[in-house]
Amino acid sequence: MNLILQVWRQDGPDSKGRFVRYEANDISDHASFFEMLDVVNEQLIEKGEEPIHFSHDCREGICGTCGMVINGTPHGPDPGITTCQLHMRRFNDGDEIWVEPFRATAMPVIKDLVVDRSALDCIIQAGGYISANTGNAQDANAIPIPKNDSDLAMDAAACIGCGACVAACPNASAMLFTAAKIGHLGLLPQGQAERNSRARGNCTNHGSCQNACPKEISVDFIARLNGDFLRAGFK
Amino acid sequence: MKLISGIPSGPIEDRWTNHKFDMKLVNPANKRKFNILVVGSGLAGGAAAATLAELGYNVECYCYQDSPRRAHSIAAQGGINAAKNYQNDGDSVYRLFYDTVKGGDFRSREANVHRLAEVSMNIIDQCIAQGVPFARDYGGMLDNRSFGGAQVSRTFYARGQTGQQLLLGAYSALSRQIGLGKVNMFPFTEMLDLVLVNGKARGIVIRDLKTGKIETRTGDAVLLCTGGYSNVFYLSTNAKGCNATAIWRAHQLGAGFANPCFTQIHPTCIPQSGDYQSKLTLMSESLRNDGRIWVPKSEGDNRKAREIPEDERDYYLERLYPSFGNLTPRDIASRRAKEAVDSGRGVGPQNNGVFLDFAEAIGRLGKEVIAERYGNLFDMYMRITGEDPYTVPMRIYPAPHYTMGGLWVDYNLESTIPGLFVLGEANFSDHGANRLGASALMQGLADGYFIAPYTVGNYLAQGGLDKVPSDHAACKEAEGRVAGRIERLLGIGGKRTATSFHRELGRIVWDACGMARNASGLEDAVKKIPVLREQFWSDLILPGTGSRFNAALEEAGRVADYMELAELMCRDALNRNESCGGHFREEFRTEEGEARRVDEEYSYGAVWEYTGENREPVMHKERLEFEYVKPSQRSYK
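Taken in order, these protein sequences are the chains called A and B. With positions in the first sequence counted from 1, the corresponding number in the working numbering is that position plus 2. With positions in the second sequence counted from 1, the corresponding number in the working numbering is that position plus 4.
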């Protein structure tokens, strides 16, 4: 298939960005979106031009490195997947595709489609953990954890930290990301000791984050976080 | 090069305990005076950085990714082994030790493997304390499954995302130490050289990938936790950024490289669909628990799978290995798939795969049960191939996945360069010639949480580490090497991209040093690779500059290193005139076509010493002694 790409190019954090038009020709519909970009980049390098910079690593939907806005939607048109899992069979011959970085003040562009998501790391560093030094642990089966709690904690823990929720949020807020971590730890007995000191709010409940989340993490975790936040105020 | 493995004496079950007591300790008040550089933030690096910081050391941790949470440990699906015997099915430390030595085809060090089996239990306890949501049964106890051909259920798992959950556990511990100011984290940073002072590892040269800035960081010990080198093959299941630059640079400065030809080809990956292919995707091995592997009996049978009658199908693993069937270990399953495809019976549009068929399991258990077990994997397969595995069989083919070889380390995980420790997949230590499923996560975390924190302390306690200022002549020299190399790459001004060279190199290595190897193919590759390397250094095209974010430059630097490492892999494979584990030399097989080891001659780790650019490396041997598990022919019939 042949496609027209309109790609956001930006030299650096302080430069002005712009859309640049590229043609991607003879693309197999079995190729992934990134393999299509690889083809375009090979051609750019051969012409002595800098390739389109984009974040990617595992290319199997788990590392959370990738993320871009395709035709206005974080991670592209398909629900429940990361950009690297998007395949070209999802598009039609002749389509014009608009590709932009995730946009949020807290995630500034570094170059082209690559953004700085270190703010998400800061959230985890501020309290997204259980304080358990190596070597202190009791036997793993000492505390039975009901399967439902454990499964629900796993639903939340599936977050890959890609930042699509922030990009989708009208407030550019990391509520879903934060709620997923607090939900994961707060549902487990190991997390109870620090539960009340970690809750943070608040949210305007648009729910765009849930739609954009490649791991389909539910906004119910935000409700849970709000509950924790409220309760912690009374402790 | 002296190889002193430093294996403690005494009964094997007491060695690690006694060794821990014998090692020197650093006074708690003195720990903060030491600076430890940890390169890589995966299971090994993240765990080591966090634990060393908890102990009180100052730690700097580096990763090329934008966050330490993204290291490729995250992609492990199946699980992590531990000898907990929660299932009461006869597991024990000794059995895990035994299985791992045997599974490694008797090419690993017994004492290391026993230690690994011992600390496997602490790992699970530690992970639970951190809040890792492992799968549980309805009574709230931890669930286990049998994995990768094990006869006991010792694998702990978190859906199909075990690696992710373990890494997030290590990342949370690391993040806590970053928040407390004990770890200084450098994301978007690549190590490009090592600094030696008086023969000891005392620093690293790093490049900030966002700005291109090069600087030296100095410290008292350096830990390389940089993963494996499967990306030499170009197409592998590794992340695109995984690379061998750090270990190769250390090798060039004197670290022995052990068993580079021991690579693992994972049997269940999605076959290549075209030339544009950028990586291969692994489908969890657990699929083999219910899927049946087959190809048509006759060559060139291009009928659809469902149109091929039962008696015209060859369920070759069930036929050849009646007791293990579809669950034979990875090396065997991979090799048999290659044979099937090479014999002209491959399936799919490119005839490059074998079927993994769930029809029988769906008939027996129902679609719901299969969906519950493998739903996420089926969805992933459907997204990539556009085919529905509930109605047509999956197509799979082996792909490079893990490297058992790596930098040589002694019992303390210290390389042949004093002060340079190597952890996780980057070292060669525990898996011999073949790694068992669910053992990579175990080794990474064992090294990081429970071994290096002791052995690094022992090294530091011995003293003799005067402070090295960052403008020391050795630092300037290393920085000069890095700058010179970048300049050289940017100045070639040729016509071919690094990717195109990488693809060609990958094809050479895959053909000669992939699933099946032979002397003539390897000799040929040893000749071809230097020619390609020569072309690379004269015809590479590279846009941009070194003083800014330049993804093409990063890639070219990595490919340059693969060009050298690939040759060493082939030389090692050529030297080893036997078949063992993942190293299958076609000349050395039994009458039934199985790998034939030659213990009298090759019961050693082959440790290569770098002797200079375009010069033949020198091989040293670490003899392996088997006091407990007597070498035998692996049999999975």
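Since the hints were made in silico from the structure, they are not lab data. Treat each hint with caution, since some may be false.
Derived pair list, reagent style DSS-like, types lysine-lysine, alpha-carbon separation capped at 30 angstroms [said to hold, decoys possible]:
(1) B:K499 x A:K49
(2) A:K18 x B:K308
(3) A:K49 x B:K214
(4) B:K531 x B:K480
(5) B:K625 x A:K18
(6) B:K106 x B:K499
(7) A:K49 x B:K371
(8) A:K149 x B:K371
(9) B:K308 x A:K49
Chain B is nowhere near these chain A residues, computed Cβ spacing over 12 angstroms in every case [claimed, not checked]:
(10) N4
(11) R23
(12) Q127
(13) S133
(14) A139
(15) K149
(16) A160
(17) G163
(18) K183
(19) N198
(20) D222
(21) R226
(22) D230
(23) L232
(24) A234
Note that the Cβ used here is the ideal one computed from N, Cα and C, for glycine as well.
Q: Grab the minimum beta-carbon distance between D230 of chain A and chain B and tell me whether it stays above 12 angstroms.
A: Non-interface label on D230 of chain A holds, nearest chain B Cβ at 15 angstroms vs cutoff 12 angstroms.
Q. Does the claim that L232 of chain A lies outside the interface with chain B hold up, using a Cβ gap greater than 12 angstroms?
A. Per Cβ check, L232 of chain A is outside 12 angstroms of chain B; nearest 23 angstroms; holds.
Q) Within 30 angstroms, alpha carbon to alpha carbon, are K308 of chain B and K49 of chain A? A) Roughly 43 angstroms separates the two Cα atoms, so the pair is violated.
Q. Hey, K149 of chain A versus K371 of chain B, does the alpha-carbon distance stay inside 30 angstroms?
A. holds (23 angstroms)
Q.
For K149 of chain A, is the shortest CB-to-CB distance to chain B above 12 angstroms, so the non-interface label stands?
A. violated (5 angstroms)
Q. Is it the case that G163 of chain A keeps its Cβ farther than 12 angstroms from each residue Cβ in chain B?
A. Given that some Cβ of chain B is not farther than 12 angstroms from that of G163 of chain A, nearest at about 6 angstroms, it is violated.
Q) Straight-line Cα separation of K49 of chain A and K214 of chain B no greater than 30 angstroms? A) holds (23 angstroms)
Q. Taken at face value, is the distance from the CA of K499 of chain B to the CA of K106 of chain B at most 30 angstroms?
A. With a Cα-Cα distance of about 49 angstroms, the restraint between K106 of chain B and K499 of chain B is violated, given a limit of 30 angstroms.
Q: Test the statement that R226 of chain A is away from the interface with chain B: the closest C-beta pair must be farther apart than 12 angstroms.
A: Given a closest Cβ separation of 15 angstroms, the condition holds.
Q. Would the least Cβ to Cβ distance between N4 of chain A and chain B come out above 12 angstroms?
A. holds (15 angstroms)
Q | Given pair status - K480 of chain B, K531 of chain B, alpha carbons within 30 angstroms | A | Violated - the C-alpha atoms of K480 of chain B and K531 of chain B are around 35 angstroms apart, more than 30 angstroms.
Q | Satisfaction of hint between K308 of chain B and K18 of chain A, Cα-Cα up to 30 angstroms | A | Distance of about 54 angstroms is beyond 30 angstroms: violated.
In summary, the structure is inconsistent with hints 2, 4, 5, 6, 7, 9, 12, 13, 14, 15, 16, 17 and 18 from the numbered list given earlier, while agreeing with the others.
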